Structures are given as structure tokens and as C-alpha cells.
Amino acid sequence: MGHKSYEESIKDVYKGLVLLAVVTLIEVGISLFGKGHLGYKPSPEMGWLLALVAIGLIVLSLYKAYFIIYEFMHMGSEVRGLRLTVLMPCLLLVWAIIAFFQEGNSWFERRDLIKQKNERSIKDKKVDVQGSLLEKEETYQM
Amino acid sequence: MATETVVKEHDHHDTNEKGAWDGGKTPFGVSYGKLMMWYFLLSDAFTFAGFLIAYGTLRFSSATWPVPDFVFSTAPFGIHHAPLIFVTVMSFLLIISSVTMVRGVQEGHRENKRGVVFWMFLTIIGGIGFLSCQAWEWNNLINKEHMTVTVNPFGTHIESGTYLEGDGHDIKAGDAFKAGDSYLIHKHGGEFHPLKYKTDEGLEKQQEFGPKAFGALFFFITGFHGFHVLSGVVFLIIIMINAASGIYVKRQNGYEMVEKVGLYWHFVDLVWVFVFLVFYLL
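Residue numbers (my numbering), protein chains in the order written: chain H, 1 to 142; chain C, 1 to 282.
FYI, nobody ran anything at the bench for these hints, they're computed from the structure.
These figures come from a predicted structure and were not determined experimentally.
Just so you know, not all the hints are guaranteed correct.
As the list claims (entries may be wrong) - Here are the computed lysine-lysine pairs in the BS3-like style, where the Cα-Cα straight-line distance is at most 25 Å: (1) LYS260(C) - LYS250(C); (2) LYS250(C) - LYS34(C); (3) LYS4(H) - LYS178(C); (4) LYS212(C) - LYS196(C); (5) LYS115(H) - LYS205(C); (6) LYS34(C) - LYS260(C); (7) LYS25(C) - LYS260(C); (8) LYS41(H) - LYS172(C); (9) LYS113(C) - LYS144(C); (10) LYS35(H) - LYS212(C); (11) LYS260(C) - LYS35(H); (12) LYS35(H) - LYS178(C); (13) LYS11(H) - LYS260(C); (14) LYS260(C) - LYS4(H); (15) LYS205(C) - LYS187(C); (16) LYS144(C) - LYS34(C); (17) LYS212(C) - LYS115(H); (18) LYS250(C) - LYS212(C).
Required output: the full structure, derived from the provided sequences and hints.
Dropping the structure here:
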């Protein structure tokens, strides 16, 4: 910002507006295509196409986030130390996403087991409530 | 003589060049306020990330999930079946108000009081516009479609079949549907009326409610974001009045307060990028 003239930096701002608006419209277009609103409906068997749509949406959103942080919030002209201390901690979220989505998937797979546990009366102890972890009845009774 | 000059030079050296721990230096070349605004935004980003990751986790854990392009397909002025259109307008409002905020900060660097007030005023209008749209969206979901924190009338079929009765809105008796199609259970006279249908295998069933968590997540996450927008508008109004009164003309750091509230406002736009992605696009 420091070296640019006033007129130049104004021009940059409106370029940014057009860029963000166009990226948003592309995102909406991709999303509607993935949901089958633009004539062609991808069938549920075409998992790769739906995955491609989702990845495209995520990449475009990350680009928008980068643009807002670096251009509008001027992160690009801050010193390296500030950039790193703000942006690096966000990498922790990568692990949070992996771990929690794995957990969600596991809940999904164990739905039937949980339902079965909920409906079990206290007397039929023979139902293997823990899945396969505990096998002996004595251990289970604690 | 010679020793005297050496001592003097030494003294000179001592007073002017302080060590890193003696104060007087700004770490990272920014003021305390701006640095702390960045760290506050970082912590806020983690709060939002926690919410959105919870949404993803629960969505992964459910067999069905309401399809966003079906849930969010209504707009004011009686527009129906227009998926994502209204929420795209809302996104544009936030983007535009972010741009007017950048202009305000630029005018602040030039010490142009009128410019700062003018662009901040436009930013406030954008923020209020966004909040109004959100109020309409919430009102529509709560009062017309009867979704609450604990009741989610948006369901999704897991098998294909044919309806045995109609709901007087979009569905007529005899309409066929496929697995993955979404529906809304309508409420008449204070009661929900799930429709009966026949699956392709010939079983008679009726519509079931969608995953409960959807309503709670929607209202908490968009509500939390909306609350950020609301407090942002309040901060903007305060700083705009301050700027108009000429307080910042006298300050040594000039219009830095405008920059700081600007950082907050861009962050609100930044969060919306991800709320928009997670709730509406995916």
C-alpha cells in the first residue's frame, strides 16, 4: 500500500470487489450444478463428480479467505512474525477436521448398535452391547 | 582528553540504543491495539471453526441431511423454488460493505474526515441490510416453515416411492419421488401432517422428521454470526460518530481506530465465506 498512489489503490479495491463477486457467482454455479439444478443431474453413483464439486467449492472459498486477509486486511504488508503468529495456529484446525469427521463417520456406522443399546432392557445381559470389545459376561458386569 | 571522549561516546551509546527488553520498540511493527485485534480475531476464528466442525461431524454421523438448495429456496416477494438466490444476495451485501470499509480506511490514511464518515456510513447501511435479510430468513424458517431449535420438519427420502396423499402445496397424490429427494412436513392448525407414501417395494410409510441437530446448528451458527454483524454495526456507528466529531484529527495515530474496526468488519465477512460454504453451498 505504501508505494502505490492513491488512484492505484482505489482501482485495486474495485478490482477486488469484482473478483470476489465473480468467485462467489462461480461458487453458486458449481453448487447448483452439483445439486442438479442446471439441467444435468449427477447421479449418486458418480461420487467422484460430487467430490470434485465439493473440492472446487472449498478451494474457491479458501481463495476468497486468502484474498480478504491479504488484500482487505493488509496482512500482506505486515511483518513476517505477525503473519506467522496469526496464520500458523490455524493449521491446528486441519487436524481438528480430520479427527472430528472421523468421529462423525464412526457414529454413523454405530447408529444401529446405539439404537440396540437404547432399546435393550436391563435384564438381557447376554446382548453384546460393547460391540466386540468385551467378550466375557463377567467383565461386562464390572 | 582521550579517555574523556571514550567515556562520553560510551555514555552516548548507552542512552540511545536500548536492548530488546528495555521497551520502546513495537513488536511486529504494529501498535498494541492492532496486534491484539489480530489475536482476538484468531481466537474468534477458532470459536467459529468449532461450530462449523461440529456441523460437519453431525452431518457425517446422520444417514440423511436436509439438502440446502431445498431448504433455502425461498426469497421475499413471493419467490419460491429459487435455490440459493436470496443467500447469494446476502453474500453480495457483505462483500460490498467490506469494500466500502476498505475505502473508509484509505480515506483515513489521507486524513480525509468527510471521506471516512461517508464510506463508514455506506458500510453501516450494508451491515443493516444484511441483518434485515437474515431477519427475513429466520422469520420465514420459524413462522412459515416451522423449524425450531428442536424440531426439523425438513426430511430426506431414503428410498423411492409414490405419495398416497397431497399436502395442498407442491405435492399431489400420485407424485413419484426418488431416494435423496427432500421434503418439508407442513403444519396446519397447530399440528404437523406427515404425508403417507408407498415405497417401490410396496410398503406403506409416512414422512419422518429430519435430523434434529439441523435446526439447532442453523440457528446457533447463523445467529452467532449475525450477532457479530450486529455488534460490528454498533462499533462502526460509534467510530463513525467519533470520526465525525473530529476526535481522530487530534490523535497522534490518526484514524487507527477506523483501521481496527475495519479489521473486525472484514473478519465478519471472512467468517461468512465459510458459513456460506458449509451451510448453503456444500
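Check your understanding: Which hint numbers doesn't this structure obey?
Key -> The structure breaks hints 3, 9, 11, 16 and 18; every other hint is satisfied.
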